[in-house]
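**Q** Taking the hints into account, I'd like the entire structure generated from these sequences.
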Amino acid sequence: MTSTTVMPGGRDADATAIDRLPGVVFQLHRSHDGRLHFPFLAGGGVRLIGIAPERLAEDARPALDRLVEEDYPRLMAALERSMRWKTPVSTRFRLPLKGRGVRWIALRAQPTPADDGVLWHGMLMDISEQVAEEARLRRLSDTDDLTGVANRRRLMARLEEAVSLSNRHATPLSLMILDIDHFKGINDTHGHLQGDEVLREVARLCQAMLREEDLVARMGGEEFALLLPLTPKRRALTLAQRLCGAIAGHDFGVERPITVSIGIAEHRIGEGARQLIARADHRLYAAKDDGRNRALADA
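For the sequence shown, the residue numbers in the numbering used here are 207 to 505.
Keep in mind that the hints are not guaranteed to be accurate.
As the list claims (entries may be wrong) - Straight-line C-alpha distance at most 25 Å; calculated SDA-like pairs for lysine to any residue: (1) Lys494 - His398; (2) Lys494 - Asp385; (3) Lys292 - Leu254; (4) Lys304 - Val274; (5) Lys494 - Arg358; (6) Lys292 - Arg280; (7) Lys494 - Arg440; (8) Lys390 - Arg280; (9) Lys494 - Glu407; (10) Lys390 - Arg374; (11) Lys304 - Ala338; (12) Lys390 - His456; (13) Lys390 - Gln400; (14) Lys304 - Arg358; (15) Lys494 - Thr395; (16) Lys494 - Thr465; (17) Lys292 - Gly328; (18) Lys292 - Arg267; (19) Lys292 - Gln233; (20) Lys494 - Thr377; (21) Lys304 - Glu339.
In short, the hints are calculated from the structure, not lab data. As the structure is a computational prediction, the values presented were derived from the model and not from experiment.
**A** Printed below as a string of structure tokens:
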């Protein structure tokens with residue numbers, strides 16, 4: 207947030223310094239009947255809100271109504287807790303700003319008792335760059351560097367959530383464990399750079415066959431996992447067979463054929479994530495023992 211603003215009421219010698227702040231300094235009053243208004247607004251970001259401070263001094267709703275819809279209840283709940291327990295409020299929300307689009311805004315304020323309600327003294331700051339950086343770091347921590355798909359850490363978090371939902375609601379959930387057949391021979395014959403390219407291409411082929419709610423993750427080495435919520439094993443087996451065929455028929459740019467073996471397990475009510483992985487792994491080993499380039503599901 208930048209630029210200058212008009213402040214309702216009189217100005218003193220400190221007003222110019224306040225107007226140069228990169229955010230907004232405010233007082234927010236809530237009366238016992240729930241009405242909200244800003245008795246005081248100043249700082250470089252007021253103009254970007256796009257609503258005259260004099261108007262907001264009478265009624266805060268024109269600004270609050272512009273919040274991204276899903277963020278409004280969170281802000282109101284934070285203010286309610288702050289008022290009830292007389293504790294500072296710290297929250298964030300998205301707000302369209304003039305000439306800036308939708309931006310992430312941090313609100314921090316301290317409540318004090320006031321006539322007919324409570325008065326918060328606080329600041330608003332544009333934290334959009336910080337939020338973007340947090341998202342970037344989350345993606346890095348959850349993503350396999352080589353293939354760009356999810357890593358084992360993210361898989362385990364998603365799998366725990368999916369197993370919990372399946373246990374609670376008795377909904378189907380399938381897990382596929384995929385291993386590239388004779389991958390060591392690819393590295394030995396064509397080099398690790400070509401082996402890396404095979405891994406990336408297998409990951410891409412897996413992603414191309416999945417729905418938005420599914421997840422493909424690299425478990426490590428040449429092993430991948432495909433998490434399929436709301437999917438019974440018969441449908442997972444059909445998908446796995448298609449995937450085997452797509453990979454076997456794909457041109458990887460190497461002289462030898464590239465194939466995969468896949469083990470499939472459907473979640474059983476009451477079992478945990480690691481039990482599900484173990485059963486899918488067992489079927490993977492069975493597929494390899496049965497000749498490779500195939501998919502096998504548990505009984």
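**Q** Run every hint past the structure and note whether it holds.
**A** Right, here's what the structure says about each hint:
1. In summary, the hint linking Lys494 to His398 is supported, as the alpha carbons are separated by about 23 Å, within the 25 Å threshold.
2. Restraint check for Lys494 and Asp385: the C-alpha separation of about 9 Å stays at or below 25 Å, so the hint holds.
3. For the hint linking Lys292 to Leu254, the alpha-carbon distance of about 30 Å lies beyond 25 Å, and the restraint is violated.
4. Proximity of Lys304 to Val274 is assessed by CA-CA distance (about 15 Å); at most 25 Å being required, the pair is judged to hold.
5. As the CA atoms of Lys494 and Arg358 are separated by approximately 22 Å, the hinted pair is consistent with the 25 Å bound.
6. For a cut-off of 25 Å, the pair hint linking Lys292 to Arg280 stands: about 18 Å separates their Cα positions.
7. For the hint pairing Lys494 with Arg440, the CA-to-CA distance comes to about 20 Å; that is within 25 Å, so the pair holds.
8. Under the criterion of a C-alpha separation no larger than 25 Å, the hint pairing Lys390 with Arg280 is inconsistent with the structure, at around 52 Å.
9. With a CA separation close to 21 Å, the supplied pair Lys494 and Glu407 stays within the 25 Å bound.
10. Distance check on the hinted pair: Lys390 and Arg374 sit about 41 Å apart at the alpha-carbon level, beyond 25 Å; violated.
11. Of the supplied pair hints, the one linking Lys304 and Ala338 holds, its CA atoms being roughly 20 Å apart against a limit of 25 Å.
12. Taking the CA atoms of Lys390 and His456, the gap is near 19 Å; set against the 25 Å cutoff, the hint holds.
13. The suggested pairing of Lys390 with Gln400 holds, with an alpha-carbon distance near 12 Å, which does not exceed 25 Å.
14. The hinted pair formed by Lys304 and Arg358 fails the criterion: a straight-line CA distance of about 42 Å is larger than 25 Å.
15. About 21 Å separates the Cα atoms of Lys494 and Thr395, which keeps this hinted pair within 25 Å; it holds.
16. Distance hint between Lys494 and Thr465 is fulfilled; the C-alpha atoms sit about 11 Å from each other, no more than 25 Å.
17. Of the pairs offered as hints, the one joining Lys292 and Gly328 holds, with about 14 Å between alpha carbons and a cut-off of 25 Å not exceeded.
18. For the hint linking Lys292 to Arg267, the alpha-carbon distance of about 23 Å falls within 25 Å, and the restraint holds.
19. Our distance criterion of 25 Å between C-alpha atoms is met by Lys292 and Gln233, whose separation comes to about 16 Å.
20. This hinted pair does not check out: Lys494 and Thr377 have alpha carbons roughly 29 Å apart, beyond 25 Å.
21. Of the supplied pair hints, the one linking Lys304 and Glu339 holds, its CA atoms being roughly 23 Å apart against a limit of 25 Å.
When held up to the earlier numbered hints, the structure conflicts with 3, 8, 10, 14 and 20 and fits the remainder.
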